[in-house]
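*Asks:* Sequence lines, in order, name chains H and G. Under the working numbering, the first residue of the first sequence is numbered 360, with each subsequent residue one higher. Under the working numbering, the first residue of the second sequence is numbered 360, with each subsequent residue one higher.
If you are wondering where the hints come from, they were derived from the structure by calculation, not from laboratory data. For each residue, glycine too, the CB sits at the ideal point set by N, CA and C. Zero decoy hints are in this set.
Computed, partial: chain G to chain H, Cβ under 10 Å:
(1) Leu368
(2) Ala371
(3) Gly377
(4) Met386
(5) Arg396
(6) Ala404
(7) Leu405
(8) Asn406
When the alpha-carbon atoms are kept at most 25 Å apart in a straight line, the in silico SDA-like pairs for lysine to any residue are as follows:
(9) G:Lys381 <-> H:Phe503
(10) H:Lys519 <-> H:Thr438
(11) H:Lys381 <-> G:Arg395
(12) G:Lys381 <-> H:Glu453
(13) G:Lys381 <-> H:Asp394
(14) G:Lys519 <-> G:Gly507
(15) G:Lys519 <-> G:Arg530
Protein chains: 2
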Amino acid sequence: MSSESLDSLIEALRRLPGVGVKSASRMANHLLQHDRRGAQALAQALNAAVDRVGHCQRCHTFSDAPVCATCLDPQRDATRLCVVETPADQSALERSGAYRGLYFVLLGALSPLDGVGPHDIGLAALFERATDGVVQEVILATSFTAEGEATAFVIADTLKARGLAVTRLARGVPAGSELEYVDLSTLAHALVDRR
Amino acid sequence: MSSESLDSLIEALRRLPGVGVKSASRMANHLLQHDRRGAQALAQALNAAVDRVGHCQRCHTFSDAPVCATCLDPQRDATRLCVVETPADQSALERSGAYRGLYFVLLGALSPLDGVGPHDIGLAALFERATDGVVQEVILATSFTAEGEATAFVIADTLKARGLAVTRLARGVPAGSELEYVDLSTLAHALVDRR
Chain H
360 MSSESLDSLI EALRRLPGVG VKSASRMANH LLQHDRRGAQ ALAQALNAAV
410 DRVGHCQRCH TFSDAPVCAT CLDPQRDATR LCVVETPADQ SALERSGAYR
460 GLYFVLLGAL SPLDGVGPHD IGLAALFERA TDGVVQEVIL ATSFTAEGEA
510 TAFVIADTLK ARGLAVTRLA RGVPAGSELE YVDLSTLAHA LVDRR
Chain G
360 MSSESLDSLI EALRRLPGVG VKSASRMANH LLQHDRRGAQ ALAQALNAAV
410 DRVGHCQRCH TFSDAPVCAT CLDPQRDATR LCVVETPADQ SALERSGAYR
460 GLYFVLLGAL SPLDGVGPHD IGLAALFERA TDGVVQEVIL ATSFTAEGEA
510 TAFVIADTLK ARGLAVTRLA RGVPAGSELE YVDLSTLAHA LVDRR
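Construct all of the structure, not just a fragment, from the sequences and the given hints.
*Replies:* Right, dumping it as structure tokens:
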């Protein structure tokens, strides 16, 4: 092979998360040999997404419009605000079907070591949003990692001081798990939070 | 989330081989949140590759030019022609560093059940290429699958009848293997072809 364009395509595909040089090469070969239309469609979708996808002014999630459809939906319970780290986390909660309130998406978590501070995840905007007088409960659904826990702690601290009800997602044994294979810290939490 | 552009991007990414809806969504979120430049670069690389990458007139591999650099390289041994199924197979052989001859890329393998016949993999062009009077040995490096073996058989049959030396890649135990874990058919072949 001696195609610079192919080499550049492989290089560009490697920037996708989870794609190494072997997968990138397989993808490039597949597109050029079997699916050139798919390659063009992907190029178009990438450009359209970069041009059009911004962040919702109210909840900071990805949105083509200035305010996203979830924030505009009158059917949703505006007294509850769920705080998540990423739009992907928000999607996961939506798919669970267990929540009908509104969201605030931090687009990250506090991580002083990586230089991510309160300003980078829009904590001021969250505090303003949460104290609009309509929100009564803030549900912290950040990840159960060191960064996610620290972020949840800081938010809870501030919002409780302003008189809001602040809750955290329950920790416990995942559905479908056999106890034997659940890690000990999860088991300990599940015991403490038993009901 | 309520972004049609994001949904379209996830849909387009799913056309990549080995990418399901979860990976596609992770890729789209990553690009939009952390690497919009990478998304633009990928779009550009896709369009450039679709526009520029064609097939070499002599060996049918991917090439930006009408004849690829390998076919034009005077340092290569023009008396040997190695037949492979795909440009990716050709790359693998090149990376092995064990071959300095020329190539012919079938872009597939005979597969009557899938409607792939001799015309689809350019067998006529291969026979013309192999009987140019310079080529003395044709090395069959198609895959060791049913389709690859059938293709190798058909090519060997025709070219031997035209007086060319036709060889096949050796079958045997892969480097670094423990015998215990090598499949029996490979072991049997390795015994028969012992040297």
